[in-house]
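> Protein chains in written order, with the numbering used here: chain A, 1 to 152; chain B, 1 to 149.
Calculated from the structure, these hints are not laboratory results.
Keep in mind that the hints are not guaranteed to be accurate.
List time: in silico EDC-like cross-link candidates among lysine to aspartate or glutamate, alpha-carbon distance up to 16 Å [claimed, not checked]:
| # | chain 1 | residue 1 | chain 2 | residue 2 |
| --- | --- | --- | --- | --- |
| 1 | B | 87 | A | 87 |
| 2 | B | 2 | B | 74 |
| 3 | B | 87 | A | 45 |
Keep in mind it's a predicted model, so treat the numbers as computed, not measured.
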Amino acid sequence: MGLFYEELTVGSVYEHAVRRTITESDNVLYCSLTLNLSPVYLDHEAAARGPWKKPLVNPLLILSNIIGMHVLDITAGTTHGNLGMTDIEYPVPVFHGDTLRSRTTVVSKRPSKSHPQSGVVIFLHEGINQRGEVIMRCNRAGLMIMRDKAAA
Amino acid sequence: MKSLTYEEFEEDHIYNHILKRTVTESDNVGLSCLTLNLQPLHIDADFASKSMWGQVLVDSMVTIGIVMGIHNLELTHETAPGSLSIKDARFPNPVFHGDTLSARTTVLGKRDSSTMAGCGTVDFLLEGLNQKGDVIMNCTWAKAVQKSA
């Protein structure tokens, strides 16, 4: 189970235990199911002629995984949903075979103006590869449940 | 579908995309688990039935993926050599199993320079809509688009 609004402290940093080696299978499946058939990700011949010389992992798959990794520690069962992300950056490209892990910092929190027993919490999510490089970061607003509501 | 070059994009032009995709339980549960998002709102129907939504909620990452996929396939499949992604995104309305998503792109602006050789930069607003015409996702970003040879 995750953490309710009251249990989140601004400034807390979580290093998540769930990690993942991103495989070619993940990338092909994700691109195919989401209709993103860009040759940058799926066409090895075209990718070999491109700037990275090999296929890139779809950055939306990376975003999904890095955000996914925080769920069991922080938001499983304790959120109403994702309000959105800002400042998404990809400082380093990700390729098949990279191993990713994730780190979350609680940036800020405030009660929700539109949902009486919920709060908006801003998280900083960072994805890190096997070399310790930050490969992705974003700020995300989650609508978190206040514990009093859950007990009601 | 013909991919557009940098020169062919005009400021304020709106593209209502043709492709649509019904989001199924298989998509949501499969992609949530594939991306390690074990949020019970997405994968536990019993839990979700007692949530504020009353049913399973589609993972917003699935939504972004599909809407972006439609946009890229119809506009820049062969002319976007860079890595595609968004700077920000918002989810004004929820998506549920069985909703059919479509996409709409607006060109916000363009400029000649780009970090990628042979490209200009186009600023897009991308919106995802459901079958009722509600906007379920919107995002903006700057994309490198190939110039004509």
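> Hint by hint, note whether the structure agrees.
Going through the hints against the structure:
{"no.": "1", "hint": "87/B x 87/A", "result": "6 Å, holds"}
{"no.": "2", "hint": "2/B x 74/B", "result": "7 Å, holds"}
{"no.": "3", "hint": "87/B x 45/A", "result": "29 Å, violated"}
The earlier numbered hint that this structure contradicts is number 3, and it is the only one.
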